[in-house]
Each structure stands twice: as structure tokens, then as C-alpha cells.
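Undergrad: Residue numbers (our numbering), protein chains in the order written: chain X, 15 to 336; chain U, 58 to 547.
Just so you know, the hints here were simulated from the structure itself, not pulled from any lab data. Check the hints yourself; a few may be wrong.
The list that follows gives simulated cross-link-like pairs (lysine-lysine, DSS-like), each with its CA atoms no further than 30 Å apart [claimed, not checked]: (1) 310/U with 129/U; (2) 129/U with 305/U; (3) 399/U with 69/X; (4) 131/U with 399/U; (5) 399/U with 68/X; (6) 288/U with 243/U.
Computed from a prediction, not measured in an experiment: that's the story for all the values here.
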Amino acid sequence: MKQFIIRRILLSILILFGVSIILYALIRSMPGDYVTSITAGNPNVTPETILRLKKLYGLDTGIIEGYIKWLGQALRGNFGESFIFKRPVTEIISSKMWISFSLAFTAFVIQIIIAVPLGIISATKQYSKLDYFVTIFALFGISLPSFFFAAVLQRIFAIGLGILPLQGMVTARYDYKGFRLILDIAKHFVMPIMVFVVTGIGGLMRYSRGNMLEVLSADYVRTARAKGLSENKVIYKHAFRNTLIPIVTMIGGSIPGLFTGAVITEGIFAIDGLGSTGLLAMRQGDIPFIMAFNIFIAVMTLLGTLISDILYAVVDPRVRLS
Amino acid sequence: MEKTNVEQQKSKKKQSSHTSVDRIITPGQLVLRRFLRNRLAILGVIILLTMTIFSFIGPFFSPYGEYEMFYKEKITSAIYVIAGNNDIYSFNDGDGALRWHITTEEKIVGQPIIAEDGNIYLSVEGSKVLQISPEEGTIMETHNVGDPSEVVENIYEPTPVAPDNLDIAVEDGVIVATSQDTKVKKWDFIGYSDIIGDPISDRSGYLYAVSDEGELYSIRADRGILRWSYKVDAEGPYSVMEGPIIMKTIDSKAQPSKEHWLGTDAMGLDVLTRLMYGGRISLMVGFIVIFMELILGVLLGGISGYYGGWVDNLIMRIVDVFNCIPSIPVMLILGSVMISLKVPPQDKIYVLMLVLGLLGWPGVARIVRGQILSLREQEFMVAAEATGLRPMRKIFKHLVPNVMPQLIVIATLGIGSVILTESAMSFLGIGLSFPYASWGNMVDAVNDPEIMRNCLNIWVPPGICILLTVMSFNLVGDGLRDAFDPKMKR
Numbered sequence: 015m016k017q018f019i020i021r022r023i024l025l026s027i028l029i030l031f032g033v034s035i036i037l038y039a040l041i042r043s044m045p046g047d048y049v050t051s052i053t054a055g056n057p058n059v060t061p062e063t064i065l066r067l068k069k070l071y072g073l074d075t076g077i078i079e080g081y082i083k084w085l086g087q088a089l090r091g092n093f094g095e096s097f098i099f100k101r102p103v104t105e106i107i108s109s110k111m112w113i114s115f116s117l118a119f120t121a122f123v124i125q126i127i128i129a130v131p132l133g134i135i136s137a138t139k140q141y142s143k144l145d146y147f148v149t150i151f152a153l154f155g156i157s158l159p160s161f162f163f164a165a166v167l168q169r170i171f172a173i174g175l176g177i178l179p180l181q182g183m184v185t186a187r188y189d190y191k192g193f194r195l196i197l198d199i200a201k202h203f204v205m206p207i208m209v210f211v212v213t214g215i216g217g218l219m220r221y222s223r224g225n226m227l228e229v230l231s232a233d234y235v236r237t238a239r240a241k242g243l244s245e246n247k248v249i250y251k252h253a254f255r256n257t258l259i260p261i262v263t264m265i266g267g268s269i270p271g272l273f274t275g276a277v278i279t280e281g282i283f284a285i286d287g288l289g290s291t292g293l294l295a296m297r298q299g300d301i302p303f304i305m306a307f308n309i310f311i312a313v314m315t316l317l318g319t320l321i322s323d324i325l326y327a328v329v330d331p332r333v334r335l336s
Numbered sequence: 058m059e060k061t062n063v064e065q066q067k068s069k070k071k072q073s074s075h076t077s078v079d080r081i082i083t084p085g086q087l088v089l090r091r092f093l094r095n096r097l098a099i100l101g102v103i104i105l106l107t108m109t110i111f112s113f114i115g116p117f118f119s120p121y122g123e124y125e126m127f128y129k130e131k132i133t134s135a136i137y138v139i140a141g142n143n144d145i146y147s148f149n150d151g152d153g154a155l156r157w158h159i160t161t162e163e164k165i166v167g168q169p170i171i172a173e174d175g176n177i178y179l180s181v182e183g184s185k186v187l188q189i190s191p192e193e194g195t196i197m198e199t200h201n202v203g204d205p206s207e208v209v210e211n212i213y214e215p216t217p218v219a220p221d222n223l224d225i226a227v228e229d230g231v232i233v234a235t236s237q238d239t240k241v242k243k244w245d246f247i248g249y250s251d252i253i254g255d256p257i258s259d260r261s262g263y264l265y266a267v268s269d270e271g272e273l274y275s276i277r278a279d280r281g282i283l284r285w286s287y288k289v290d291a292e293g294p295y296s297v298m299e300g301p302i303i304m305k306t307i308d309s310k311a312q313p314s315k316e317h318w319l320g321t322d323a324m325g326l327d328v329l330t331r332l333m334y335g336g337r338i339s340l341m342v343g344f345i346v347i348f349m350e351l352i353l354g355v356l357l358g359g360i361s362g363y364y365g366g367w368v369d370n371l372i373m374r375i376v377d378v379f380n381c382i383p384s385i386p387v388m389l390i391l392g393s394v395m396i397s398l399k400v401p402p403q404d405k406i407y408v409l410m411l412v413l414g415l416l417g418w419p420g421v422a423r424i425v426r427g428q429i430l431s432l433r434e435q436e437f438m439v440a441a442e443a444t445g446l447r448p449m450r451k452i453f454k455h456l457v458p459n460v461m462p463q464l465i466v467i468a469t470l471g472i473g474s475v476i477l478t479e480s481a482m483s484f485l486g487i488g489l490s491f492p493y494a495s496w497g498n499m500v501d502a503v504n505d506p507e508i509m510r511n512c513l514n515i516w517v518p519p520g521i522c523i524l525l526t527v528m529s530f531n532l533v534g535d536g537l538r539d540a541f542d543p544k545m546k547r
């Protein structure tokens, strides 16, 4: 196990290396760099100023030289200072990721509460009306474009009924404190969470349904039935526990991804999380932030698969990691 | 569970009674039969066929083009100044721009008459009447009659507007407005030179007056403030008239009507027609990207699974790297690269397809590799080995066809997700851009608050099209998976 984890971490470093090379090359080939965009239209800017600014922002080097410089700093944990926020990138990411996480985590918990039981029940009653409903609803969620659903929700609840705020995180007009502030934020989070839940629930629902179906066709379930156990006992004592194994590993593996934020949904609802900040940075060519943001996503993806692999072995003693 | 077993037995009995001994069902037929029994998948097929017909054949039946703008006619006022004996000027009522100016050969006699359709009838010396169009000021016809009223059918009656119950009069070259009720002077207007003749008013209620030196004033009737003025070159005497003119404006955000079943968008383009062209893009992108993903994925996954060892290790690490690259940020970056490289809008979609294909193949490669790893240990591969075939032939003739069912399923499900990604890209403004339509950039119109509130006909239909199409691909993909699965009971 220990060996497995060490091997995986070493591999991950190799993968991150590859990811960072591709990303850096891509980002630096964006011709409209930050210096050009901040100096555009300013008549007082001389070529010398541009050169000085480029040097200041580290844009005066070639791609390879720049990458080596970036890598040298990044390995020491220094991801540089964001061009647009003028603060260390790591500081921005660590402060914004909690907003994204709180939103995504709430949605994730709601998803689990709804999806896992429904998936399992619909598997036990395959081809029933409930099963059809679950199947169609799951597909509906998977197929729904998040930006369209967000717009529909805004139109209905914010503009049509006027019961929820259109976007943002707090009502700027009121200076709420304490419990009222929490209530206010919660109100602003309702619609983004709805988008997360509906567009994300399908996968989990289908996953738990599919697993339950697989478990129900396993030999030990037939044995349990043959022993003459009641159907309830067969399903909830024998099958259910086994179906939890893959579900738990999937849930565990999804947690790191909750930190990375959702670019589109956060952008539409003007949530000041990591996703919308990333979108802003990418539109403005803020290289240190884009690099760190993407590496952060890559790390979280790798961490997610690692966690789910480890959990798999922990939950199911039959599995041996090698 | 017991119930299904009974049903299964029943259906088996049915099958055995239906199929006589000599009728052999091929595996393909079996798959087809299982697929046809899946009602949801059939629904998906029907929706997809409808969408395909709608987007690929529909445009031939649509009377409009993808970027054909529509205009609507709006009647506004034109202000005419008749100067001296030969000149007539036409002004825009809004900003006082000179629309046209003509000089007639013969002397103008008396006041012109304006018809209901805006045509100006000008009597000139030699008992002739010139008919002048209000838009360009061209002489359309010359009537040989003495008096315009003989040829004008409907004479335009300017609506005398008394704004805010004011009495407007000219006293000693100054316009004076007095309240009708209290007889108190509200405002007066002094021009650079003396104003002559009564002021007239246009459809928006602004006043127009002309001075003895040929200066035209446009005045706000409520406070007597000058909006604009224009000095006419020609000799006096001057008089001012108002007439109707039909202006063409873009017919934007029109509600659904007989001509435009889904109305028009903010640029005055027919939404239904654009929906068809947008569907072409979405479906085409879906198919082409999946095709690229399959080719790359099968090639690399097949090689990786067959050879194993360091080749496998290398390809799988590449797969891992591509898996870790977040697609939306990369697309955003590429979007800005495309803008600065000045990629023309119609070519952007090809770049988008290429990149989506490059980012999407690792999933296919993984599945192909996994399948081939298990297949290559089977007996038929030992037999293939014995015949001494080349490795490439073994991979692509013997191993890959066995992965076909999975590939078809991945492809069908994959098209749905590609369409979803493409629409998200277009929504973010990276994909196809104006004037070309795609479902994603049509939903993008929702960023205009007014469209979100009032023009559901612009942004809801493309959203529903995306939803239906993606959902159908998923339904069909699920149906195919179930149909290919020999363990399936139904």
C-alpha cells in the first residue's frame, strides 16, 4: 500500500510536469499579453515603458526560458504574484477555493442524499414506473446545459417571481450581520446549488443504480435468496452494503474536485469563487494565476483518483493495490 | 425479481413458439431486436431524426437566410424647407441631418402639397406638377396639370399639436408660448434672425420654425430649448413644412408572428432559420469530433494494449496528462489565441473541433486498451498469432472489431457530451461567432437582461434543442449498450 502510494505520487509529479509544459506553452502563445492589454490606448506609453513592464511581469523571456524560470519558482512553492490582483497567487486560490467548495459541497451532499437512495430503489424495482422516472430524470440532468438551466432559473425565480436574488453573494444595499447575513448568503446560493444538483445528480444516480443492478445479479444474492431470507434482508443487508463500496470510493474521489470551482455557473451567478476568478484571469491574460489555477485543478484531479483508489482498497479488503 | 423470472420464462416460451427451428437469428438481428424493444431508445432515435431533418433539410424550406436581416417600416416626420423659387430641402427630424436638396429648373409656384404616402407635389411654372419622393428627393413623375390637387388623391393633413396646452405664436420674429388656461407666458424663443411664419410641429411634438435669413430651428415645445438649427444656402423667402416618411429600421426582438414563427433576435435575424443552421453546426461538430476521438483513441489505445511494456506506459502517461488538462481553461486560452491570430469566424469552428478531438481521445484510448488487454489473451488471438499475421493487422482486423460494440456505445454517448461542450464554448464566446449561428451562441443572447425578461422566443428554443439532442444521444447510447449486452434480460 505504502509502495503503491509513493509510486503514484511520483507518477503524479511526472504527469504534472507534462501538464505544466503544455499549459505554459499554450498560455505564452496568447499574443495579447497582459502588458499589451494594460498599455493599449495609453498615449504616454513609450517602447521603453513597455519593455520595462514586460521585464517586471517576466514576459521578456522566450517560452522555454520562461518555463524554466516559472518551474524553478513553482518547485519552491512560489507561484508568483497575480497581475490583476497584485497579490500572491497561492493566497488568492486558498481564499477563493473555500467559497467554491462551500457551494459545491452543499450541492454534493444534497446530490448524495437524493441520488444514492433513488438509484438503489430504482434498481431493486427495475422497469417500474419509478425506475423509468429515475432513468429519465438522470438523463435529463446529464443532458441539461448548465448555462441554459441557470438562465431559466434566473428568469423564473429572480425576474418572474422575484423571490430570489438574480446574482451575487450578498445584498449590497443592506449591511446584514450575524444570522441575517448567513440567511442572505443562503438565499443567493439557492440557484447556483440548484444548477449544481440538477446537472450533477444524473451521474451519481446512474452509478448507484448500475452498481446495485450488478450486485443484485451476483451469486451471493442468489444464495441469500435461496437461503429463504426475506427480500428486505437480501436487499438491505446483503446487497446494499456491497453496493456502497464503489459509491463510497466514487464520493471520496469526487471531494478534491469540489475545490476547483465551476467556471460557467459561478460566472453566470457572479459568485466570487475560484471558477469565476479563473475566468476573469483567463480573459485578461494573468499568466501566474492561470498557471497556478490549472495546476491546482490537475493536482485535485490526480488527488481524486488517488483517494478513490486508496479508498477502494480500504473499503474492500479483497482489493490489493499494486 | 421472481416476477421478472416468470416474465422471462413466458417470453422464452413465446420466442420458441414464434421462431421455428429453421429460422436462424444472427447476433446482429438479436441486438437490433433488443434495441427495438427499448421504447426510450426509439424515442431518442425519432428525436434525432427529427433534429437532423430539421437542421439539414429545414433550411431549404425556410424562405430566409442564416444572416438575412429583417427590417420594419416606421413612419416618421421629414421636415421640408422651401426656399425662394427653386429650392427644396429635406431634413431628418431627429438630428437635423440634411437628407436631400434639389433645385428645380422651373420656378416653384405656391405651396407644395404632401400626399398621405409622403410624396411631395410641387407646382412649377408652365402649369406642371412635379412628384417628388420623400426618401431620395428624386422627381418621380411630371404631371401636366395646373393644380396639384388634380393628381393628389389623399392629401396629408399635418396634425396640429398644441404641446402642454400652449398657444404658440410668433410676435416680432420671436416665438412666444403662452399657457392656454392661465394666459401666462411660458417661454419665448429668440433665433439669430427674425422668425417668420407659424411654427409647425412633427409627430414627436417638436416645433420647427424658419427665420427670414433661412435658418431652420428645431425647438423643444415644452421649454423652448433649441435642439438643432440649420442654415439654408438658397435665397428666400422661406417656408417650412412637415410630411410623413417611411423609415426602415431593423426589426429586432420581434415577437413570433406568421412571417417569423419564433420571432427575430436582437440583430433582426429570423430565430427559426438560425435554429436550423445552428443545429447543423452542433450535429456536425458532434460527429466530426467523435470521429477524431475514435481514430486517435483506437489507434493509440490499440497499440498501447497490444504491445504493453514501455509503449503502453508511455501512451498511458500521455493519456494521464491529457486527462488532467482542464478543458474549459484550455479552450478559453485558445479562444484568445484565435482572436489575436485573426482566425476568420467561419474557421474558428474547425479549430474548436480539432481541439475538442485532441482533448477527448484519452477516454476512448483507455477503454480500447482495457478491452484489448483482456482480448489478447483469448484463444482466437493465439490462433491469429499462429498464422503469422503482422501486428497491425492483428490489432485492427482481429482485436478492434471485437471492441466495436463498446466503441459504438462510447461514440453515441460521446456525441452528446461533445455537443454540450461545444454549446458551452459558444456560450462563452469561444466557438462560432456572429454572424454564424450555433445553439450555444444563440442562448448567449440571454446575457441581455431585456431579452431574458421579455424575449423567451430568442433563447429558450436553442436551449431546448440542445437538451433534446443531447438527451436523445444518451437515450440511444444507453439503448445500444443494453442491446449489445448479452447478459441483458430484455
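Undergrad: If you draw a straight line from the CA of residue 131/U to the CA of residue 399/U, is it 30 Å or shorter?
TA: 38 Å, violated
Undergrad: Next pair to validate is residue 288/U with residue 243/U; report whether the Cα-Cα distance is within 30 Å.
TA: Holds, at about 27 Å.
Undergrad: Given the hinted pair residue 129/U and residue 305/U, is their Cα-Cα distance within 30 Å?
TA: It holds: about 6 Å lies between the C-alpha atoms, which stays within 30 Å.
Undergrad: Residue 310/U and residue 129/U: Cα distance at most 30 Å?
TA: 11 Å, holds
Undergrad: If you draw a straight line from the CA of residue 399/U to the CA of residue 68/X, is it 30 Å or shorter?
TA: 23 Å, holds
Undergrad: What's the verdict on residue 399/U and residue 69/X, does the C-alpha distance respect the 30 Å limit or exceed it?
TA: Distance ~27 Å between residue 399/U and residue 69/X Cα, so the pair holds.
Violation of the numbered hints given earlier is confined to hint 4; every other hint is satisfied by the structure.
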